[in-house]
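For the protein sequence lines, the chains are A and B, in the order given.
As numbered in the working numbering, residues 1 to 313 make up the first sequence, in order.
As numbered in the working numbering, residues 1001 to 1293 make up the second sequence, in order.
Any given hint could turn out to be false.
Derived Cβ-Cβ restraints for the label pairs, each shown as a range [to be verified]:
1) A:D171 <-> B:A1278: 36 to 42 angstroms
2) A:L295 <-> B:P1016: 52 to 58 angstroms
3) B:T1123 <-> A:I118: 46 to 52 angstroms
4) A:G309 <-> B:D1192: 46 to 52 angstroms
5) A:E69 <-> B:I1094: 39 to 45 angstroms
With a Cα cut of at most 20 angstroms, we get these calculated SDA-like pairs of lysine to any residue [claimed, not checked]:
6) B:K1280 <-> A:D201
7) B:K1280 <-> A:R125
8) B:K1183 <-> B:F1119
9) B:K1209 <-> B:F1274
10) B:K1280 <-> A:V130
11) B:K1183 <-> B:G1193
12) B:K1047 <-> B:L1063
13) B:K1047 <-> A:F151
14) A:K61 <-> B:Q1150
No lab work stands behind these hints, which were simulated from the structure alone.
The structure presented is a predicted model; accordingly, all values stated were derived computationally and were not measured.
Just so you know, even glycine gets a beta-carbon here, dropped at the ideal spot from N, CA and C.
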Amino acid sequence: MATTDLTIPASRGAAPARRRPWGRSVADNVTGWLFVGPATVIVLGLSLFPAGWALLLSFQKWDGFSEAESVGIDNYAKLLTAQDFFDAVGHTGLYTLLFVPASVLLGLFLAVALNRRIRFIGFYRTAIFVPFVASAASTGILTSYLFNPQFGLVNNVLRVLGLPQQGWLEDQGQAMMVIAIMSLWGQAAFTTVIYLAALQDVPMELLEAARLDGATPWQAFWSVVWPQLSPVTVFATIWQTIGAIQLFDLVYTTTRGGPLDATKTIVYYLYEKAFKSLEFGYGSAVAYVLFGATLLITVIVVVYSRRRGIEAF
Amino acid sequence: MTTATSSAKRSRFRLPFSPWHLLLLPVALLFLIPFVQMFLASLAPAKELVTFPPPFIPSTLTLGEPGTLTKSATGYIGLFSDSPILRWLLNSFIVAVTAIASHMVFCSLAGYGFARLKFRGRTFGIFAIIATIMIPIQLLMIPTYILFAQVGLVNGLGAAIVPWLASAFGIFLMRQFFLSLPKELEESGMLDGATRWQVFFRIVLPLAKPALATLAIFTLLGSWNDLVWPLIAINNEDAFTLQLGLANFQGTRRTQWSLLMAGNVVATLPLIIFFLFAQKQFVATMTMTGLRG
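Pulled out of the complex, with its shape left as it was, chain B reads as follows (with noise of 0.2 angstroms):
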């Protein structure tokens, strides 16, 4: 009410609408570029993506054609039947939800019992996990790829795997989160003569549901998008990740711009349909987290 009229006795020409749409729209329009930019040349002839100048919007769609011994495969078909893209996608959704699962299982566990339960070497626990948290990736790769290859777990899924198991973050997350509950529900729980594991199971994980959906999306963003451990760490192209594959196929398929932004797509479709669906609880995630991408 206030601005409307203020800004009324400021100017007389008004706008049908908000300036700020001049500005906002641009800029959106700029960020949306990219992806809608690889969705149409995803779609489009391959020749039309080494043309100059580019057509934006491509003539005809077509969703490519397997390789023949004359000519390299393009799209998504030429994607599929060239390339073990499957098997990379495969290998990224089982790291995703063992990552996801096990996030779930052992910080919320550990969350619970730093912030509510009182036994010997709680405080140094947790200010030694707190501690690990400035610590850079860039100073554990080499001892652990070392590790990692000592044990055999180089080479295999399993090695994309393990470092997702729990994080120092996801244990701090949930520990806070815990802390700001009431302790009365579970005092009552007590009191019923319920043991610590049925008063966390029935009683307060169920209510710890924002701060698992937080931890979920954290956890999926970071173990989906990983490059450079899976990078380190295997070298095998059946155990491959999507994100591991895709820039190494870049690195092998150079100029094949139709199989690259098909490939792409379908590395990232998943994650802008779930941010579609969840963009709330991705917001909250990214203020709470400060993750990047």
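Here chain A stands alone, though its shape is the one from the complex (with noise of 0.2 angstroms):
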């Protein structure tokens, strides 16, 4: 009886001691993978496997049903001289042309005109942030009625200012514009949260001392202020560029892909040879090339930024 009663508290202070020596490597090892073995699994399972598998099927012709062939390097091959991909290439260039400089400055613009301590501040971020959370379903279908050629709120502005109406939508060459128009109007507000963070942090003495050296409050920005903000400059560029090469979503719903073709993106084409014709390899080929390309645009600004001394990561 007695013995038991000191046994228990003597193996509860001596089992550090004991775990010590061999311990570590049981023990720890089970809770920490049991901590994070879940998850591990679950992430690692669903993004490092795929990939590799994408990988091999780049190399091989299949269709899901019939026997998988190995063809090399033919799917990369193939696109090289594909010409409807160079077009969906082009479109996704003419898409990140006019959203990426356009979200970032606006994104400037509008967090410089929120930074301020007015009267309705609030009121005017909430109507600016409020659409970041439209789905990309909701703003196709919003972006289809307000630039109806027929009905659209936008062609009424344009007749009452006496303009004459457009096709938008139904228009090849303002088709890719008018996406551009409204994924600025759902994601402007990322752009402005992070230019508003990064203008709070800029040193107000700094501020004083240009306007004390007689700059205008332009002249002050500009020298002073948008040097402070470049890091948050390149990341915001980075960020919406790896978004725009990757654009899809919008693109189904409101054009298609169309008119004929003219919005067309790279990853459209990749879900119309996937899903649709069922080209499993050479889907997987353009994804890597499309992987390949971000990977690229992402270190060309990372070292270019560099060089001039901007910390951006």
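With the hints as a guide, bring the two chains together.
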């Protein structure tokens, strides 16, 4: 009786001492993996494993039913000569050029405008941020209605202003611009918010010093504030570019690639090849080229900004 | 003080309010117009939506009518009677709730493990997870679809749920948060004889509420608004999520604006209301995650 009473506290007290020589590798490893195991298995199982599989697929010809056939680099070679792929690259590039600079500049402009304590500032912020919750499906329906050539609000505004009506999403030359405008509506919040956060970190003494030196607010902004914001500018540019070259959702919910393929982007092309024509191998090759391009652009922008002394990451 | 006096010196014509209002008010209204149009159009008589010039404010407000043999359904009443939208709403709700609950459990456990515990494979594990953040979804769609088809997940709600059980970003977010917590609290807990699990659930997790709120909003927006993955993986109308149903609806009811707008309100209103109540957390989430809608 007396011994058991004694052994319990004794063993508790002895446990850490006994664990040290070999215990870490068993008990600690078990505890550690019980904590991280489930999430690690899910995340790596749904990313590294499929990414490796996609690489294998990109060297095969397979429709999901018949026997997979190894074709070497044929899929990549075919890609280099496919006119419709280069058309898709061109459309994606056009969207990127329309969207990325506009989204960065609009974010900067809105952040500067919103970074002050005036009446109704809460209302202004809410109004500009709330479209961020709109999904692509929702934005797609709104876009189709607002820019409807027959009875849309935008054409009505043009009518009131005495300007000619436009075809918008039904016009080959304008469809991508409309998509870029509505992407801006939904995503201006993001660049605005990160610029706002950065603006609040700009030291006030610097601005005061510039003002004492006789700089106008405009000069003070471009010579004092703007350089301080450059890490955010680099980050926002990379982030928005990656998003822009992966454009799919809003195309699917507005034009489905039309009119006459004018809005068919790289990812839309991938989607059609993989899930409409069931060319899983070719689709995987497109995906790897897209991934490679994304990495390349990121590396170029990071290296370029490092050279100029901007630490964005 | 200084700005008021200096600007008074600069110009003698002073507006009774800040000149920034002249800029911000029109911009704010411009950003609100699509949503305002959506609400008004969802309550307008169907025929007013297909007239030009369109009345921005409907002549009367109506909840619409169910479809008959000669007339197509309109408005909210038509939407609920003629489409499985309630089913889609329920599906999206199930996906979002499961995703949020599962993210909170798995990502906070893993985040804590990677931040605090010492075990073999820890460094490799966290590096592998962070590296996967770079992999775009487009690279994973094809093999994941094939995999899900082979295990029978395709065409059911499970297809939409499984990719949202945990995410590399969620683990990273929680790990960064736990790294920022002072260790002393946990150490005193350990000295009192608590196990790691007790320390985690009783001491650490209650402190993690801000990080968990960020994680929840990130997961909610991502899973609720996801379109491309359900589009690929779910072909069965009963298992559609709201976004997929809406996108599909847009294809089949192309000119029935009254129905589409009502459906759009049903899909967007929950998030708008949630945003209005938790704007601060949403903004914090945006800043930290760079997530996109």
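We went through each hint and held it up to the structure:
1. At roughly 40 angstroms, the beta-carbon separation of A:D171 and B:A1278 lies within the given 36 to 42 angstroms, and the hint holds.
2. Take A:L295 and B:P1016: their Cβ atoms lie about 54 angstroms apart, and the range 52 to 58 angstroms holds.
3. The hinted window of 46 to 52 angstroms between B:T1123 and A:I118 holds, with their beta carbons roughly 50 angstroms apart.
4. The hinted window of 46 to 52 angstroms between A:G309 and B:D1192 holds, with their beta carbons roughly 50 angstroms apart.
5. The given range of 39 to 45 angstroms is respected by A:E69 and B:I1094, whose C-beta atoms sit roughly 40 angstroms from each other.
6. A C-alpha spacing of about 18 angstroms is found between B:K1280 and A:D201, which places the hinted pair at or below 20 angstroms, so the restraint holds.
7. With a C-alpha separation of about 11 angstroms, the suggested pairing of B:K1280 with A:R125 holds against the 20 angstroms cut-off.
8. Pair hint B:K1183 plus B:F1119 holds up; C-alpha atoms about 18 angstroms apart against a cutoff of 20 angstroms.
9. Of the supplied pair hints, the one linking B:K1209 and B:F1274 holds, its CA atoms being roughly 18 angstroms apart against a limit of 20 angstroms.
10. Distance hint between B:K1280 and A:V130 is fulfilled; the C-alpha atoms sit about 12 angstroms from each other, no more than 20 angstroms.
11. Restraint check for B:K1183 and B:G1193: the C-alpha separation of about 16 angstroms stays at or below 20 angstroms, so the hint holds.
12. Note on B:K1047 and B:L1063: the hinted pairing holds, with a Cα-Cα distance of about 13 angstroms set against a maximum of 20 angstroms.
13. Proximity of B:K1047 to A:F151 is assessed by CA-CA distance (about 11 angstroms); at most 20 angstroms being required, the pair is judged to hold.
14. Between A:K61 and B:Q1150, the direct Cα distance comes to roughly 18 angstroms. Compliance with the 20 angstroms bound is thereby established for this hinted pair.
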